[in-house]
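S.K.: What follows is each chain in one-letter form.
There are 2 protein chains.
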Amino acid sequence: MPAENIVYFGDTARLPYGSKSPATVTTFVRQIIGYLAPLQPKHVVLACNTATALSLQAIRGEFPHLSISGVIEPGARAAVEAAGSKEQPVIGVIATEATVRSRAYERAIHRRRTQARLLQRPTPLLVPMIEEGRAHDDPLVRLALQQYLLPLVQRGIDVLVLGCTHYPLLADPIARVLGSRVRVIDSAAHCAEDVARRLRTAGLPRGDTEFHGSIRCFVTDDSPRFEQLASRFMGFAVARPTHVTPEELFAQSPGINPVRRAV
Amino acid sequence: MPAENIVYFGDTARLPYGSKSPATVTTFVRQIIGYLAPLQPKHVVLACNTATALSLQAIRGEFPHLSISGVIEPGARAAVEAAGSKEQPVIGVIATEATVRSRAYERAIHRRRTQARLLQRPTPLLVPMIEEGRAHDDPLVRLALQQYLLPLVQRGIDVLVLGCTHYPLLADPIARVLGSRVRVIDSAAHCAEDVARRLRTAGLPRGDTEFHGSIRCFVTDDSPRFEQLASRFMGFAVARPTHVTPEELFAQSPGINPVRRAV
Numbered sequence: 000m001p002a003e004n005i006v007y008f009g010d011t012a013r014l015p016y017g018s019k020s021p022a023t024v025t026t027f028v029r030q031i032i033g034y035l036a037p038l039q040p041k042h043v044v045l046a047c048n049t050a051t052a053l054s055l056q057a058i059r060g061e062f063p064h065l066s067i068s069g070v071i072e073p074g075a076r077a078a079v080e081a082a083g084s085k086e087q088p089v090i091g092v093i094a095t096e097a098t099v100r101s102r103a104y105e106r107a108i109h110r111r112r113t114q115a116r117l118l119q120r121p122t123p124l125l126v127p128m129i130e131e132g133r134a135h136d137d138p139l140v141r142l143a144l145q146q147y148l149l150p151l152v153q154r155g156i157d158v159l160v161l162g163c164t165h166y167p168l169l170a171d172p173i174a175r176v177l178g179s180r181v182r183v184i185d186s187a188a189h190c191a192e193d194v195a196r197r198l199r200t201a202g203l204p205r206g207d208t209e210f211h212g213s214i215r216c217f218v219t220d221d222s223p224r225f226e227q228l229a230s231r232f233m234g235f236a237v238a239r240p241t242h243v244t245p246e247e248l249f250a251q252s253p254g255i256n257p258v259r260r261a262v
Numbered sequence: 000m001p002a003e004n005i006v007y008f009g010d011t012a013r014l015p016y017g018s019k020s021p022a023t024v025t026t027f028v029r030q031i032i033g034y035l036a037p038l039q040p041k042h043v044v045l046a047c048n049t050a051t052a053l054s055l056q057a058i059r060g061e062f063p064h065l066s067i068s069g070v071i072e073p074g075a076r077a078a079v080e081a082a083g084s085k086e087q088p089v090i091g092v093i094a095t096e097a098t099v100r101s102r103a104y105e106r107a108i109h110r111r112r113t114q115a116r117l118l119q120r121p122t123p124l125l126v127p128m129i130e131e132g133r134a135h136d137d138p139l140v141r142l143a144l145q146q147y148l149l150p151l152v153q154r155g156i157d158v159l160v161l162g163c164t165h166y167p168l169l170a171d172p173i174a175r176v177l178g179s180r181v182r183v184i185d186s187a188a189h190c191a192e193d194v195a196r197r198l199r200t201a202g203l204p205r206g207d208t209e210f211h212g213s214i215r216c217f218v219t220d221d222s223p224r225f226e227q228l229a230s231r232f233m234g235f236a237v238a239r240p241t242h243v244t245p246e247e248l249f250a251q252s253p254g255i256n257p258v259r260r261a262v
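The listed protein sequences derive, respectively, from chains A and B.
Numbering-wise (numbering that gives the first Met the number 0), the first sequence opens with residue 0 and increments by one.
Numbering-wise (numbering that gives the first Met the number 0), the second sequence opens with residue 0 and increments by one.
This is chain A alone, in the form it adopts within the complex (with noise of 0.2 Å):
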């Protein structure tokens, strides 16, 4: 969607959020949501396969004139896809520590198919791994993968879901320790096929334009480390982010009471 305008909020200050509870999570999400929400979004994404495990149904209950999704539901369904007719698919996912522990994925591809077995592994390396820059042929990442995902393989899954958004970065190294008969499932490219649908669904995409859409980034941390791993993710320069405190934020959340927890 080249023509779309996208504003980006990464929560800088207090990431990671994968090994955190639900109610700190959501009380996170729920802040940054109450600060966007006076640009009007059509479209709001949880971009963040932990924030969508641990607080969307309860974000969306709380912001009900948005229009909100996550990037679980979108790797699910594609989850159960590529795992074709087999009667009783092995789904392999790797994710955080909190995504795990949530079931969300389990939740989300048992609906569709009851009779898929799931192999979920938290991965708490790989985020750190690809944030200190490491070549795909790194020997750390190369036994890091192996030591996650060959047991997987041991027993058998059809399919990998890459259940966080930073795990695409390594997705030919996962590929080449998983071999060619498991199928990768990246559920950041999913999570941006089902945005487009929705909007084109509520009649609401930006018209084709010779110009493409400009990025706005909000980040709750004013640190170069996020322009350096943005432009090394999004492999171009990104704009200098406007910050905004953490405090900043809950100031700014007028009606959103800080002690009271959603979950």
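Possibly wrong hints are sitting among the right ones.
[Unchecked claim] Pair by pair, the computed Cβ-Cβ distance ranges are:
| no. | chain 1 | residue 1 | chain 2 | residue 2 | range |
| --- | --- | --- | --- | --- | --- |
| 1 | A | 56 | B | 63 | 45 to 51 Å |
| 2 | A | 116 | B | 195 | 36 to 42 Å |
| 3 | A | 136 | B | 234 | 27 to 33 Å |
| 4 | B | 35 | A | 235 | 41 to 47 Å |
| 5 | A | 142 | B | 152 | 19 to 25 Å |
[As the list claims (entries may be wrong)] So the derived list for chain A, only partly shown, Cβ under 8 Å to chain B, looks like this:
| no. | residue |
| --- | --- |
| 6 | 19 |
| 7 | 120 |
| 8 | 136 |
| 9 | 139 |
| 10 | 227 |
| 11 | 236 |
| 12 | 237 |
| 13 | 241 |
| 14 | 245 |
None of these hints come from the bench; they were simulated from the model.
All figures in this text were calculated on a predicted structure; none of them were measured in a lab.
The beta carbon of each residue, even a glycine, is placed where N, CA and C say it ideally should be.
Since chain A is already given, all that's left is putting chain B on it; use the hints.
M.R.: Just chain B now, kept in the frame of chain A:
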């Protein structure tokens, strides 16, 4: 100091600090000290290398009535002592990205030994490896330590400072990679000795009793993860922590302007 009563505050909702900016870390530390100040602690330790490197100086200025120390000065002092009489000792420091970038160890060591050569190395995979509970003989731990440390050994370090309070949990495999020629400094142990000395100098140590002091824990994220890790790190079960959300921290730090930044 087994007789002392200890209050431990773990900012589990916003950790890790090691990849974040001085302004953000200083804001978080300020909120925590503001929250603890009414307990009238006889001493406060920033028991985290990143928090010490990025915020100790500012925080001391903002809380002049509190006695506050960190972990870096004790570690730097011990490193210089361990280097002995060598004219140009080579001192290695492994730490978080933020601690390395701050050059806090460099300043603290050069103040004592202007001729020392410093080799600093961010080692961002070690904390997640330790928190994942990997065994000391795990091939991934060994390979990561070889990648991080052998270049320092080859450049002739005499001393290695473990510049993050997690790293002493890997002291054995670190010593195996370094060999017997390199002295290893555990900044956590030297920090405890430094606090004991400060209390004695101020005439404040709690008299010997037959009873052990208490440990009371506060955390910002209410998750079973803290108790699991704390028990593993401490070697005994830790009482259930009190949960204080980041929003409560912020709301209960009156007079602290959320938007101004100290650094």
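S.K.: The structure should be examined with respect to each hint, and the outcome stated for every one.
M.R.: We went through each hint and held it up to the structure:
1. A:56 to B:63: 45 to 51 Å: holds, 48 Å
2. A:116 to B:195: 36 to 42 Å: violated, 56 Å
3. A:136 to B:234: 27 to 33 Å: Roughly 39 Å apart at Cβ, these two residues miss the hinted range, so it is violated.
4. B:35 to A:235: 41 to 47 Å: For residue 35 (chain B) and residue 235 (chain A) the Cβ distance comes to about 45 Å; the hint holds.
5. A:142 to B:152: 19 to 25 Å: Between residue 142 (chain A) and residue 152 (chain B), where Cβ atoms are some 21 Å apart, the hint holds.
6. 19: Since chain B brings a Cβ to about 5 Å from residue 19 (chain A), closer than 8 Å, the hint holds.
7. 120: violated, 12 Å
8. 136: Violated - the Cβ of residue 136 (chain A) stays beyond 8 Å from chain B, reaching only about 13 Å at its closest.
9. 139: Because about 5 Å separates residue 139 (chain A) from the closest Cβ in chain B, which is inside the 8 Å limit, the hint holds.
10. 227: violated, 11 Å
11. 236: violated, 20 Å
12. 237: Since the shortest Cβ distance to chain B is 17 Å, the answer is violated.
13. 241: violated, 14 Å
14. 245: holds, 7 Å
Checked against the numbered hints given earlier, the structure breaks hints 2, 3, 7, 8, 10, 11, 12 and 13 and satisfies all the rest.
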